[in-house]
Amino acid sequence: MQKLTKDDVHPKIVQALLGADSHITLEDALENEMILNMGPQHPATHGVLRLLLRLDGETVIACVPELGYLHRGYEKMAENMSYMEFIPHTDRLDYISPPANNVAYALAVEKLAGITAPPRAQYIRMLLAELARMCSHLVSIGALAMDVGALTVFLWGLREREKILDFFDVICGARFTTSYTRIGGVASDVTSGTLKKIIEFLDQFEEKLDEMERLLNGNRIFIERLEGVGIISKDDAIDLGFTGPNLRGSGVEFDLRRATPYLFYNEMDFTIPVYTEGDSLARYFVRADELRESSKIIRQVIDKMPNGEVMLNSPKKVLPRKTEIYTKMEELIHDFMIVNFGINPPAGEVYSAVENPKGELGFYIVSKGEGHPWKMKIRSPSFANLQAVPHLVKGYMISDVVAIVGSIDPIMGEADK
Amino acid sequence: MKEVLEEKLKKEFSESSFEFTEQFGELTIKFDKSLIVPVCKLLKQDEALAFILCEDITAVDWATRTNRFTVVYHIFSMKHSFRLCLKADVDNADNKIDSVSFIWKAANWPEREVFDMYGISFNNHPDLRRMYMPEDFEHHPLRKEFPLMGIPGSVSLPKK
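Chains as they are written, first to last, in my numbering: chain A, 1 to 417; chain B, 1 to 160.
Treat the hints loosely; a few may be bogus.
[Stated by the list, open to error] In silico contact screen, one side only, chain A against chain B (beta carbon under 7 Å); selected entries:
(1) Val9
(2) Gly68
(3) Lys76
(4) Ile238
(5) Leu240
(6) Gly241
(7) Arg257
(8) Asn266
(9) Asn344
(10) Ala347
(11) Val366
(12) Glu370
(13) Gly371
(14) Lys377
(15) Arg379
[Stated by the list, open to error] From the derived model, a few chain A residues whose C-beta atoms are all more than 12 Å from chain B:
(16) Gln15
(17) Ala16
(18) Leu36
(19) Arg72
(20) Leu155
(21) Trp156
(22) Asp189
(23) Arg258
(24) Glu349
(25) Met376
(26) Lys417
[What the hints assert, rightly or not] Simulated crosslink set (DSSO-like; lysine-lysine; CA at most 27 Å straight-line):
(27) B:Lys96 with B:Lys79
(28) B:Lys79 with B:Lys144
(29) B:Lys44 with A:Lys234
(30) A:Lys234 with B:Lys105
(31) B:Lys44 with A:Lys76
Quick caveat, the hints were computed from the structure, so don't treat them as lab data. We treat Cβ as the ideally placed atom computed from N, Cα and C, and that holds for glycine.
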């Protein structure tokens with residue numbers, strides 16, 4: 001954090017920061033008022049988020065977030081590549097939970113192309129999405145605890161996450177950049193041995209989670225730093241576009257897995273944790289409870305998983321198997337056409353949204369019947385959630401800003417796209 | 001849901017035309033851009049509809065069409081678990097549309113993003129700045145004429 005001079009801040013940002021008192025300039029702000037820059041290079045902003053804070057003493061009067069430091073123009077890039085080629089780029093949106101993004105994107109394209117993946121592939125997708133949710137929440141809780149000064153939980157959380165990443169490695173072939181889903185299925189099947197290992201992991205994970213919760217829930221510093229900090233009411237939370245755990249921390253029972261069921265979530269038995277306080281602590285409790293719910297869902301998914309194919313047999317839309325490409329003429333032609341010209345879904349537009357760990361991840365795709373989308377918009381949950389930061393931090397101390405941003409759990413990869 | 005919406009909109013805006021389309025199980029309503037604020041107000045405030053969550057606002061650049069842009073709104077009614085898509089055409093010569101950010105606060109940033117990426121400005125927007133690109137950037141990257149590789153020299157380096 002450093003004090004700013006006039007050259008550092010664009011006049012329009014100053015205008016937004018000062019609001020009604022626009023006659024104040026940066027140099028002659030009121031005696032005890034000051035404008036402070038936080039980020040984009042700051043360990044507590046979870047990436048490259050830049051916050052400009054207007055302070056009165058230590059109290060935040062106004063806050064202006066500045067985005068775009070990780071803007072890679074994915075929406076522009078998507079317009080210039082085939083549907084298949086964009087799958088690896090979805091890994092880099094919410095980079096804490098890549099498989100969940102892969103699933104969201106594959107579902108959107110399949111909806112547009114009018115195909116459905118085989119049941120086993122859909123169960124595998126659910127399994128991966130829930131493992132990704134656990135991954136994301138473990139990092140989120142750990143980072144929040146670290147932001148307010150408790151380092152141990154971060155290390156314990158990352159230790160458990162490492163085990164999940166090992167599963168990603170076994171199933172997808174990569175720990176982070178999984179690129180696991182294909183249009184019409186998933187890249188490879190899951191062995192029964194892996195599924196058994198996942199059950200074993202869950203058995204010990206629930207104990208470990210109890211340990212972690214004991215460490216936090218009985219920790220007076222942790223509770224006092226979060227309780228009553230960054231309160232947002234139910235109506236404001238909806239109005240500001242909150243989704244996911246943040247919204248459920250404000251007492252709204254809204255989960256897209258229930259509201260608009262996709263995959264086989266309507267067959268799963270799970271509860272949606274809701275806390276009514278709306279403060280940072282409630283948002284932490286929601287995530288901790290969701291870890292247990294995810295573990296419950298994974299057990300059911302493994303229990304109910306049917307046998308069968310993991311890729312759809314639809315030659316014009318789905319890549320054929322490699323063994324067939326090398327031996328059959330038809331398959332070779334289809335493979336050539338799909339790789340070179342794309343899957344050409346019918347002209348039309350589709351909006352498909354799923355419940356990602358951070359909230360609602362939506363893909364809006366406009367097709368003109370060509371191999372690449374005419375337009376693709378990514379509705380990222382972190383972008384919408386960050387919008388509430390100025391509202392949340394107003395009136396709190398500067399040290400609370402760190403706790404509030406941590407409890408919102410933004411990932412700049414998807415907020416900046 | 002479609003019948004209810006049709007009836008309510010017809011009753012409130014009798015002289016305007018609304019184009020209903022259904023695709024992939026999603027309902028889309030297209031209408032004139034001058035109606036965007038009153039229609040959104042009705043959809044949000046009507047107790048029976050209650051589209052209280054504004055999920056997303058974006059635009060589509062059709063490049064060669066007369067009405068070059070279409071502004072697309074995705075709104076959600078938690079009461080009915082129903083998603084609705086609203087569309088309004090905007091011409092390049094008069095690329096302005098009324099802001100809905102005072103109906104849903106969530107519309108603030110997405111509108112800024114549309115302004116940044118397409119150069120469509122929103123009337124009565126409280127803080128219409130660029131969202132991602134630097135403030136002194138002169139182009140609108142998601143317009144179809146903007147090259148994929150970017151324009152060399154268009155992003156200025158930091159002063160220090």
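- Satisfaction of the A:Val366 interface hint, Cβ to chain B closer than 7 Å: holds, 6 Å
- Task: Grab the minimum C-beta distance from A:Gly371 to chain B and call the hint holds if it beats 7 Å, violated otherwise.
- Result: violated, 16 Å
- Task: Identify whether the interface hint at A:Ala347 stands, where standing means a beta carbon of chain B within less than 7 Å of its own.
- Result: Cβ of A:Ala347 sits 10 Å from chain B, so the hint is violated.
- Query: Is it correct that the beta-carbon of A:Leu36 has no partner in chain B closer than or equal to 12 Å?
  - Reply: At roughly 19 Å from the nearest Cβ of chain B, A:Leu36 sits farther out than 12 Å, so the non-interface label holds.
- Item | A:Glu370 as an interface hint toward chain B, with CB separation required under 7 Å | violated, 13 Å
- Minimum Cβ distance from A:Lys417 to chain B greater than 12 Å, as the annotation requires: Contrary to the label, A:Lys417 does not stay out of reach of chain B, its closest Cβ about 8 Å off (not over 12 Å).
- Message: Quick check on A:Leu240 please, does its C-beta sit within 7 Å of some C-beta on chain B?
- Response: Given a least distance of 5 Å, the restraint on A:Leu240 holds.
- Message: Quick check on A:Val9 please, does its C-beta sit within 7 Å of some C-beta on chain B?
- Response: Result: violated, 10 Å to nearest chain B Cβ.
- Query: Is B:Lys44 within 27 Å of A:Lys76, Cα to Cα?
  - Reply: Distance ~32 Å between B:Lys44 and A:Lys76 Cα, so the pair is violated.
- Task: Confirm or reject the statement that A:Gln15 sits farther than 12 Å, beta carbon to beta carbon, from all of chain B.
- Result: violated, 8 Å
- Query: Holds or violated: B:Lys44 with A:Lys234, Cα cutoff 27 Å?
  - Reply: Holds: B:Lys44 and A:Lys234 sit about 16 Å apart, inside 27 Å.
- Query: If you draw a straight line from the CA of B:Lys96 to the CA of B:Lys79, is it 27 Å or shorter?
  - Reply: Distance ~32 Å between B:Lys96 and B:Lys79 Cα, so the pair is violated.
Comparing the model with each numbered hint stated earlier shows that hints 1, 7, 8, 9, 10, 12, 13, 16, 17, 19, 23, 24, 25, 26, 27, 28 and 31 do not hold.
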